[in-house]
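> Residue-level listing of the chains:
2 protein chains.
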Amino acid sequence: MKPIGVFDSGVGGLTVFREIARELPHQPLVYFGDSARVPYGTKSPETVIRYSLQAAAHLLDRGIGMLVVACNTATAAALPALQAQLSIPVIGVVEPGARAAVKVTRGHVGVIATEGTVRSQAYTRAIHALNPDIEVIESSAPLFVPLAEEGWANTHVAREVAEVYLSPLLDAGIDTLVLGCTHYPILRGTIEKVAGEKIAIVDSAETTAHSVRESLDGDTPNDGEPEHHFIVTDATERFRRIAGEFLECEIQNLELVSL
Amino acid sequence: MKPIGVFDSGVGGLTVFREIARELPHQPLVYFGDSARVPYGTKSPETVIRYSLQAAAHLLDRGIGMLVVACNTATAAALPALQAQLSIPVIGVVEPGARAAVKVTRGHVGVIATEGTVRSQAYTRAIHALNPDIEVIESSAPLFVPLAEEGWANTHVAREVAEVYLSPLLDAGIDTLVLGCTHYPILRGTIEKVAGEKIAIVDSAETTAHSVRESLDGDTPNDGEPEHHFIVTDATERFRRIAGEFLECEIQNLELVSL
Numbered sequence: 006m007k008p009i010g011v012f013d014s015g016v017g018g019l020t021v022f023r024e025i026a027r028e029l030p031h032q033p034l035v036y037f038g039d040s041a042r043v044p045y046g047t048k049s050p051e052t053v054i055r056y057s058l059q060a061a062a063h064l065l066d067r068g069i070g071m072l073v074v075a076c077n078t079a080t081a082a083a084l085p086a087l088q089a090q091l092s093i094p095v096i097g098v099v100e101p102g103a104r105a106a107v108k109v110t111r112g113h114v115g116v117i118a119t120e121g122t123v124r125s126q127a128y129t130r131a132i133h134a135l136n137p138d139i140e141v142i143e144s145s146a147p148l149f150v151p152l153a154e155e156g157w158a159n160t161h162v163a164r165e166v167a168e169v170y171l172s173p174l175l176d177a178g179i180d181t182l183v184l185g186c187t188h189y190p191i192l193r194g195t196i197e198k199v200a201g202e203k204i205a206i207v208d209s210a211e212t213t214a215h216s217v218r219e220s221l222d223g224d225t226p227n228d229g230e231p232e233h234h235f236i237v238t239d240a241t242e243r244f245r246r247i248a249g250e251f252l253e254c255e256i257q258n259l260e261l262v263s264l
Numbered sequence: 006m007k008p009i010g011v012f013d014s015g016v017g018g019l020t021v022f023r024e025i026a027r028e029l030p031h032q033p034l035v036y037f038g039d040s041a042r043v044p045y046g047t048k049s050p051e052t053v054i055r056y057s058l059q060a061a062a063h064l065l066d067r068g069i070g071m072l073v074v075a076c077n078t079a080t081a082a083a084l085p086a087l088q089a090q091l092s093i094p095v096i097g098v099v100e101p102g103a104r105a106a107v108k109v110t111r112g113h114v115g116v117i118a119t120e121g122t123v124r125s126q127a128y129t130r131a132i133h134a135l136n137p138d139i140e141v142i143e144s145s146a147p148l149f150v151p152l153a154e155e156g157w158a159n160t161h162v163a164r165e166v167a168e169v170y171l172s173p174l175l176d177a178g179i180d181t182l183v184l185g186c187t188h189y190p191i192l193r194g195t196i197e198k199v200a201g202e203k204i205a206i207v208d209s210a211e212t213t214a215h216s217v218r219e220s221l222d223g224d225t226p227n228d229g230e231p232e233h234h235f236i237v238t239d240a241t242e243r244f245r246r247i248a249g250e251f252l253e254c255e256i257q258n259l260e261l262v263s264l
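Residue numbers (the numbering used here), protein chains in the order written: chain Z, 6 to 264; chain E, 6 to 264.
What the hints contain is simulated information worked out from the structure, not anything from laboratory work.
Everything numeric in this text was worked out from a predicted model, so none of it was measured.
Please note: incorrect hints may appear among the correct ones.
Restraint ranges, calculated between C-beta atoms of paired labels, are given here [claimed, not checked]:
# : chain 1 : residue 1 : chain 2 : residue 2 : range
1 : E       : Arg246    : Z       : His161    : 24 to 34 Å
2 : Z       : Arg67     : E       : Gly156    : 18 to 28 Å
3 : Z       : Gly178    : E       : Glu250    : 27 to 37 Å
4 : E       : Pro173    : Z       : Arg67     : 40 to 50 Å
5 : E       : Ala134    : Z       : Glu202    : 36 to 46 Å
6 : E       : Glu250    : Z       : Glu197    : 30 to 40 Å
7 : Z       : Ala89     : E       : Ser263    : 15 to 25 Å
8 : Z       : Gly229    : E       : His161    : 47 to 57 Å
9 : Z       : Glu168    : E       : Asn227    : 50 to 60 Å
Derived coverage of chain Z by chain E (criterion: at least 3 residues anywhere in the stretch with Cβ under 8 Å from a Cβ of chain E; other residues may be distant) [what the hints assert, rightly or not]:
#  : segment
10 : 45–52
11 : 164–177
Backbone N, C-alpha and C fix where the C-beta goes; we use that ideal spot for every residue, glycine too.
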């Protein structure tokens, strides 16, 4: 059985990796974190496309049978290019999140994401393609990424930052909030407290994992402990530490490559 | 008169650029921000050396007569390699900061910097080379960079983050605090409030500009409005916005290059 490739600019996509591993507990996965060139969120679309194609080429050499683009910025910028150039299925994080949002909303969706994702308006387009009557407000929340990576997700500082970022969306009357960056599920508890019980949270890591399971349609191992692999382009020890915290386990099979 | 090259991984080195422009108001400067590969602070020394040599080669092609490495991480990792390979003077930010700290301290120096700079122990070595009896404590303050870049330097959140980062240093009895990342002068007001009046602040942007003036020894234009140039490797509009805020002026002569 071919492994599934999970690609992100750094550690954020590990939230997607974690959800896929929960949905498909016997499926081997190969995680690729482009830690030498993280973050993608402030880079231009042309650069993100170039980097994504390089990462995909490396994962194809590893024999993957499906590619999950576990990074909203890379999905927004590079998904069409990846789907055009690769002969295997490629799943991004935007479409599953947009579908989940359309399913639960009563008409007012807020999206928080990186600057690059917000600028691309990828969520607004994906939601409007399903239902043009839904109002969508997108807003960037750039400090959430370093807060998650520094292990500050459940601090008072994180809560104050969340209040600043969410208050314009809450004031605008959203009923659904899409976590449009794969780092943000790490701050989900804090975000939920600030948003309050009445706001439905759409976690694009969870919704993407559902999409992966559906598209495999049972074509996945159904027993055995799978061997996962992790590939990074820089700073192996930093990745090992943060990934260990995100996945709550010790990271095995970690490799450094140069693109 | 040849321009001086000022090199940083992104926008942080603009604090050094600003101080050099103040010290030498008629000297033309060329700023190089490697915004496609920012941040350097979480990358390995080998990668930082490779990137720094590429940036220096580009600036040499522009005819610079001196190179200022306006990034603590790049100075800590790559200054010896740059000095060995370039035939023009190369000035880093660590040595001037270390000298200023040794001059003002009563024996207990704290250094805040990125993870990469702290791991390199470059400040401890530079200070001990001048006076081995001085006690040096280094501590990373990674959230300061995104706070500065997001324009949150003078917010309540920044103050709370500063309290968390500085309290171990203050509890350890430091009398001098080195701002060992070129982003941190943007937060100087907040840092000073938390540190209190009794702590001397060493701003490596200021001390580096003094070093540049001293090493030129009068060999710099003494009239005329200089024409500065700015070169970035990605995300030109983001650089224009943040640089405009840092330098408090509109950015002219901004160019995008690919390395």
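> All hints, please: hold or fail.
Do the hints match the structure? See the list:
Against the hinted window of 24 to 34 Å, the Cβ-Cβ separation of arginine 246 of chain E and histidine 161 of chain Z comes to about 29 Å, which satisfies the hint. Range check, arginine 67 of chain Z to glycine 156 of chain E: about 41 Å between beta-carbon atoms, so the 18 to 28 Å window is missed. Take glycine 178 of chain Z and glutamate 250 of chain E: their Cβ atoms lie about 31 Å apart, and the range 27 to 37 Å holds. Checked against the given bound of 40 to 50 Å, the beta carbons of proline 173 of chain E and arginine 67 of chain Z, roughly 43 Å apart, stay inside it.
The hinted window of 36 to 46 Å between alanine 134 of chain E and glutamate 202 of chain Z is violated, with their beta carbons roughly 59 Å apart. Taking the beta carbon of each, glutamate 250 of chain E and glutamate 197 of chain Z are about 33 Å apart, inside 30 to 40 Å as hinted. The beta-carbon spacing between alanine 89 of chain Z and serine 263 of chain E, approximately 23 Å, falls within the hinted interval of 15 to 25 Å. The hint said 47 to 57 Å for the Cβ distance between glycine 229 of chain Z and histidine 161 of chain E, and at roughly 52 Å that hint holds.
Between glutamate 168 of chain Z and asparagine 227 of chain E the Cβ separation comes to about 52 Å, which falls inside the hinted range of 50 to 60 Å. Proximity of the segment 45–52 of chain Z to chain E, defined as three or more residues with a beta carbon under 8 Å from a beta carbon of that chain, is established by the 4 residues found. Residue count for the segment 164–177 of chain Z with a Cβ under 8 Å from a Cβ of chain E: 3. That meets the three needed, and the coverage hint holds.
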